[in-house]
Amino acid sequence: MPKCTINGKEIEVKAGATIMEAMYQMDEAIAHYCYHPGLSVAGVCRLCIVDIEGNPRPQIACNTAVTDGMKISNKSDKIREGVKWVLDFHLINHPLDCPICDQAGECGLQEQYMEFGKYDPEMAERKVKKHKVVDLGPTVVLDSERCILCSRCVRFTDEVSKTHELGIFNRGDRSEIGTAEGKELNNKYSLNTVDICPVGALTSKDFRFRQRVWYLKDSDTICNGCSTGCSVKVYFNKEGLFRVRPVVNPEVNGHWMCDEGRDIYKFVNRDIRLLKAKKKTNSGEWTELTAGAAAKEASGIAKSAGADVALVLTGQYTNEEYEKIVETFVKDFKSKKIYHWINNKEHLNDFDGLLIRGDKNPNTKGLIGVLESHSLTSPFSNLEADLKKGTVKTLVVAAPENFAVYLDLKEKLSLFTKAQNLIWLSSVKNSDLDDMNGNIWQIPMKSYIEKSGTFTNHAGLEQKFHKVTTVVSESLTLGEAAELLAGKNISVAVTPTRETFVEADRRADLVRLEHRKKNEFVYKRGSL
Amino acid sequence: METKLLTEFYHLDEFRGLSGYKAKGGYAILAKALKMQPQQIIDEVKASGLRGRGGAGFPTGSKWGFLPKNNEPRYLLCNADEGEPGTFKDRLMMERAPHQLIEGMIISSYAISSKKSYIYIRGEYDFPYECLMQALEEAYKAGYLGKNILGSGFDHDMDVYRGAGAYICGEETGMISSLEGFKGQPKLKPPFPAVQGYLRKPTIVNNVETLAAVIPILRDGAQAYRKFGTEKSAGTKLFSLSGNVVKAGNYEVPLAYPLMDLINKEGGGLKPGRKLKAVIPGGSSAPVLTAEECTKATLDYECLAQMGSMLGSGAVIVIDDSQCMVDLLGVLMHFYHHESCGQCTPCREGTGWLNKITHSILEGRGRLQDIDLLLRVADNMKGRTICALSDAAALPVISFVSKFREEFEFFVREGRSKVKGTTYAEMHH
Amino acid sequence: MSVVQNTSEKSKWYLPGILTGMMITMQHLVKNLVNKKQMTTLNYPEEKYEYSPRFKGNHVLTVKKDGSLRCTACMLCATACPAECIKIVASEHKDPSVEKFPIHYEIDILRCVFCGYCEEACPVDAVRMGPEWQTPGVTGANFIYDINHLAYRPNLKGGILSHVDDEERIKSGI
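Protein sequences, first through last, are from chains C, S and Z.
So for the first sequence, the numbering used here puts the first residue at 1; every next one is plus one.
So for the second sequence, the numbering used here puts the first residue at 1001; every next one is plus one.
So for the third sequence, the numbering used here puts the first residue at 2001; every next one is plus one.
Treat the hints with caution; some may be incorrect.
Unchecked claim - No farther apart than 25 Å at their CA atoms in a straight line, the calculated lysine-lysine pairs in the PhoX-like style are these:
| # | chain 1 | residue 1 | chain 2 | residue 2 |
| --- | --- | --- | --- | --- |
| 1 | C | K3 | C | K75 |
| 2 | C | K78 | S | K1189 |
| 3 | Z | K2036 | C | K130 |
| 4 | C | K127 | Z | K2171 |
Hints are computed from structural coordinates only; laboratory data are not their basis.
Quick caveat, the model's predicted, so the values are computed rather than measured.
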């Protein structure tokens, strides 16, 4: 394990590690664009030059292996001058697009300019003009003029998604990123190229122009799109959630996430959520009540049903919630009729080789674990039979939050409403219930970003995540709903609407710049 | 005094064909070499002090010694791309004596234990390509290529691969990328081609002349080869003389030959009434020498390096006092801007910037600070890139602007050439 | 600092001080009666004060030569505003040379403190503080100014041209 000294600090690295990997290990600031820890080394941006003792020429850090006893520094004036000039070369043909570019605020060029630049540009000639607003595919838009040709996106499509859609065409400063004739950038991981692009050349059609990044706060959580459970970061502000990005997690997802997971923020914003509890009797109108009141009424119904009350669970809630609700049903209702609603048996074990799995519920394993620990193994077909016979009086359903992956939702709804009383615990609105008969209570639930909990992914790895923010303050967790249904009195704190989308755990007097520092290009924020 | 180690029989048309070549002693050295041990040949080449004739001047014997001592298949690549402006010596050899190249390559392949070699010839060389293909056919038929060459048990295959018009494919890793079927973009070094080159296997890339020079070395011995030239620059070299001389052409002279002799004796001197202004001694990437420096220059690696220039590929471009240096720099900058592969930023953007500034000055829009800007941009392009094209573009700028600054200042102030008196548009109507 | 004490007998009398004061007032009265033009008071609304061209009044969104909004929805003005009164919603423009433009641009004029930071922050001279300052709202008045009001209200006579011209910039090759 070779030891080296970087900027005066000694560090031990793995054999064969490059200086850049050592810098990442030490969290030391070094300017770079084309190096990415999840991709191969390209060495084309020439920004990561360092001084090695004994070598008169500065070397690039991303391709130089660390030898024992190497002394490396990148703080001298000569190196700073060199980086400034290479940055200047990047900027001489770069268009003046900051006002209309999405990457403003998290742009590699802006960050390095504030660190090494702040000079007057001397390029007085005409800049090279290339294509702007090029439609690369269904998800990504390219602006060739902004591209600094770091080739990260090309390496991504070659090495990670292995779809080889992108390439660099033409030669010299006329080079442009593009797809071959007739092809487009259309794979399930295409939005990762937008993440890794250091400048605003590749932008996501979904997020384009929706918000400026300095208005967004971010927080870490777990994706609930499928059973892989990638670590993600959601970006939000008072107007809602805007986008989702992957977080490095070597055990689960590496550096990437799939495009399907990027849509999970859409099931959380207020426009799609069930805001207040509703109830209706047979083909009547909906009346709104508070969640607590609805639950209390429903609990009366449920208690009268006694051991005949049935519970349907989907694999989209946390382990803690499952424990609570199963316990409540077993102890307080003395009911053993707890069923697992599986939505796609045929695709359950699909895996595309990279990240996407066929089981679109994040916590199937957790649910199965909890059910087995209470020895509740009755198959769903039993419930279906009972419903068809008409012997189920009260049915409590923990509905899926990510309802788009439940393709059989409508037919299951018509099945569920065969019960006399249906208590529908859901975080999203459901207009299909308007036409259904029977007594229906809808009680709003918290979505995954409003609660802390644990998901167990396909491999049995338990991942804890914390509450990000409050979206619908009247919503309940499954555990709270269970207790209310059982007739217990608990207090449900309700925050006023203007306090929603405020980050959880924030000291009122603390100005939060921390999240800006987690951008990979900024290690230490200087005077900004 | 011309010494014709290689070019002795180039004037004979029949030397191109196999029978004419064999009549003058061709393929006899191959027979001799196949009886030696490969390591002996490498030692002989090392002892002769042969340096790469393509431009870099790296000692060939040492390069061959870098190969790993294992059983991996090796490749020999002959660099016949000849992209350096001003160079046309390899073309002469391929047109007039393709068998010399083939024989040299078979001997070198035997020395480095390579079973397959490629000649990477630039796409523009139609006629040399035909000559090479014809010669290859003849060689295969005669049993000099293929299985069990001359009964020695050594198998070897040779192929010719045509380029498609990129100067950057003359760079060794650029050539390897192009041969592998990718874009001809240079690769990062380390790993070096001798360890991981073509198809990730040990590869040696040598120039046409270097490989052919193995023949006289083995024929007469390393010490005889060392009789020509100096201690550090041994042997003879072909120089492509061009520019404002009476007899432009290729001349083989021993190294350390005085530059003025090459121009005046072999080249027939300048046109009547003209005076020498500058000479570019080693292809357009070599810094230019003023007339005064030329009088002291001898054509070897050390002397020219000491003067701040380089021997390079041996393309001697003679410039007399009727040429405008600013115009000449414009031509060179256009070339480098066009040929930059675009991988790394300083070269990609820098060559474009230098080209634009030079043409601004030429079109009369130059400002006085542009001249210093040229120097600063060129200074900061050097040494920061994957391959040497960036240095090759920067060195002429620095040498032209520092040594002929009055011409640039005149152009900026007056918008026309000091030497020719006309504007750029008039010069190139 | 030393205090000059006037301890003469005369100063202990009240009347001279009062009379001097009244004399000054009478002088001003007579001066104003005689020389009406040199009075500092303005007879508003017949006479109005001439403010400098840099006066920070109601905002104006400038337009380009073809009449479309100059603003590129970069949101620098909204970020700089200390009162957080500017709300912008951006959108994609069909013309790739324009690319981004605001579909909503609202200034809550009651929150605005007329500091001028938005005008300073704008990189393309899209928002300016104009000379209008007296804009009371009568019944049903809307104090949230939208694009129609900010760029195209009647007394702007079709829109104020911006100084930053994209055509020139594109022609010069930047």
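Exercise. Hint by hint, which ones does the structure fall short of?
Worked result: 3
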